[in-house]
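A.B. asks: Residue-level listing of the chains:
There are 2 protein chains.
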Amino acid sequence: MTSSGSLRVLGVDPGLTRCGVGVVDVARNRSASLVHVGVVRTEPSMPIEQRLAAIAAGLRAVFAEHRPDVVAVERVFAQHNRSTVMGTAQASGIALLLAGEFGLPAATHTPSEVKAAVTGYGSADKLQVQTMVARVLRLDALPQPADAADALALALCHAWRGGASTPAGGKAEATLTPAQRAWADAARLARR
Amino acid sequence: MTSSGSLRVLGVDPGLTRCGVGVVDVARNRSASLVHVGVVRTEPSMPIEQRLAAIAAGLRAVFAEHRPDVVAVERVFAQHNRSTVMGTAQASGIALLLAGEFGLPAATHTPSEVKAAVTGYGSADKLQVQTMVARVLRLDALPQPADAADALALALCHAWRGGASTPAGGKAEATLTPAQRAWADAARLARR
Chain A
1 MTSSGSLRVL GVDPGLTRCG VGVVDVARNR SASLVHVGVV RTEPSMPIEQ RLAAIAAGLR
61 AVFAEHRPDV VAVERVFAQH NRSTVMGTAQ ASGIALLLAG EFGLPAATHT PSEVKAAVTG
121 YGSADKLQVQ TMVARVLRLD ALPQPADAAD ALALALCHAW RGGASTPAGG KAEATLTPAQ
181 RAWADAARLA RR
Chain B
193 MTSSGSLRVL GVDPGLTRCG VGVVDVARNR SASLVHVGVV RTEPSMPIEQ RLAAIAAGLR
253 AVFAEHRPDV VAVERVFAQH NRSTVMGTAQ ASGIALLLAG EFGLPAATHT PSEVKAAVTG
313 YGSADKLQVQ TMVARVLRLD ALPQPADAAD ALALALCHAW RGGASTPAGG KAEATLTPAQ
373 RAWADAARLA RR
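Going down the list, the sequences are from chains A and B.
The first sequence begins at 1 in my numbering and counts up by one.
The second sequence begins at 193 in my numbering and counts up by one.
Treat the hints with care, since some could be wrong.
[Said to hold, decoys possible] Estimated spans, in silico, between C-beta atoms of each pair:
#, chain 1, residue 1, chain 2, residue 2, range
1, B, Q336, A, R138, 55 to 65 angstroms
2, B, S237, A, T17, 28 to 38 angstroms
3, B, T276, A, T17, 38 to 48 angstroms
4, A, D140, B, E257, 45 to 55 angstroms
5, B, G295, A, D140, 35 to 45 angstroms
6, A, R41, B, T276, 22 to 32 angstroms
7, B, G314, A, L139, 48 to 58 angstroms
[Said to hold, decoys possible] Not everything, but these chain A residues come out facing chain B in the computed CB check (under 7 angstroms):
#, residue
8, E43
9, A56
10, G58
11, M86
12, L97
13, A106
Think of the hints as simulated: they come from the structure by calculation, not from any bench.
Note that beta-carbon positions come from the ideal geometry of N, C-alpha and C, so glycine has one too.
Using the sequences and the hints, build the whole thing.
C.D. replies: Structure below.
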């Protein structure tokens, strides 16, 4: 947590072609401000090993510049049997790897958890998510593209859920890292 | 390719709990020798971000020490709907990432391609693979555990197929890297 008591969360919407990344500061009263938003893009014509290295370089620069307290990554499901699912899983592994290498706790959230946290509705569409993210962060325009908005929504979701949701390894709150537990405790106090 | 004309291949059988890694030198006449074999292990109780960082550290040490020419990784399929498939995909992404970061070409091979290349039989069982790997590399004992044998088999498969199989990005031989093409040409000459 920063000296101001806010939590800096880095959210990643993993993908090979477009990997959304967003950083927000979230105060104990749940108000949030934008720190960074962007998309790391790679060309489908590049070899996979070069695409993953480019994604790692792009994400690493954001980690190094913005020094988040915690990392939130969208959870990828095997049953999404799209041709891109393996690449998405590999990109999510890169984001989680970097969290580990920077010594940060990481958590994963499902798309419906993110939508529910941000819009109150687990089946919200992309425009609803973008609209709520823009409103919460007091942005003049909708965050574009959707991958960028999703990364910000993931970060907000993680902070608002008090770090009490499933860590990336699927463990319960009893096994939260000290930083996650501190925030969970802080978030509970803030809600009283 | 080394000055001796042999190709040094690093094979990775990706996994979170046991990630097999093997390095072999393969001469133009297809004879092969063992350079390194090992398994990077992580505890299921560790957070995923720490497991992936440990796998990256373990693999990076092998890349740095043995300086392969090319990296071969077992291809992971989404339709293998086991609970571990996402972790396996993430570990494979780490191996491919490191190839990219070391400036090396990478390729993926399916388990049946590997079994066919090493034993002549695409449905060979683990013992048959271990036995053939031990025979080819003139080992006194079967490589243990099976993940280590599979990593060696992957490396042999890659060299024997002449680097002409599918690169990790799924592209055809027309888009092989210069190093892959040089080896493919060399392998074809060797087979005449």
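A.B. asks: Each hint should be assessed against the structure and marked as holding or not.
C.D. replies: Quick rundown of the hints versus the structure:
no.: 1; hint: B:Q336 / A:R138: 55 to 65 angstroms; verdict: holds, 59 angstroms
no.: 2; hint: B:S237 / A:T17: 28 to 38 angstroms; verdict: holds, 35 angstroms
no.: 3; hint: B:T276 / A:T17: 38 to 48 angstroms; verdict: violated, 26 angstroms
no.: 4; hint: A:D140 / B:E257: 45 to 55 angstroms; verdict: holds, 53 angstroms
no.: 5; hint: B:G295 / A:D140: 35 to 45 angstroms; verdict: holds, 42 angstroms
no.: 6; hint: A:R41 / B:T276: 22 to 32 angstroms; verdict: holds, 30 angstroms
no.: 7; hint: B:G314 / A:L139: 48 to 58 angstroms; verdict: holds, 54 angstroms
no.: 8; hint: E43; verdict: violated, 10 angstroms
no.: 9; hint: A56; verdict: holds, 6 angstroms
no.: 10; hint: G58; verdict: violated, 12 angstroms
no.: 11; hint: M86; verdict: holds, 5 angstroms
no.: 12; hint: L97; verdict: holds, 4 angstroms
no.: 13; hint: A106; verdict: holds, 4 angstroms
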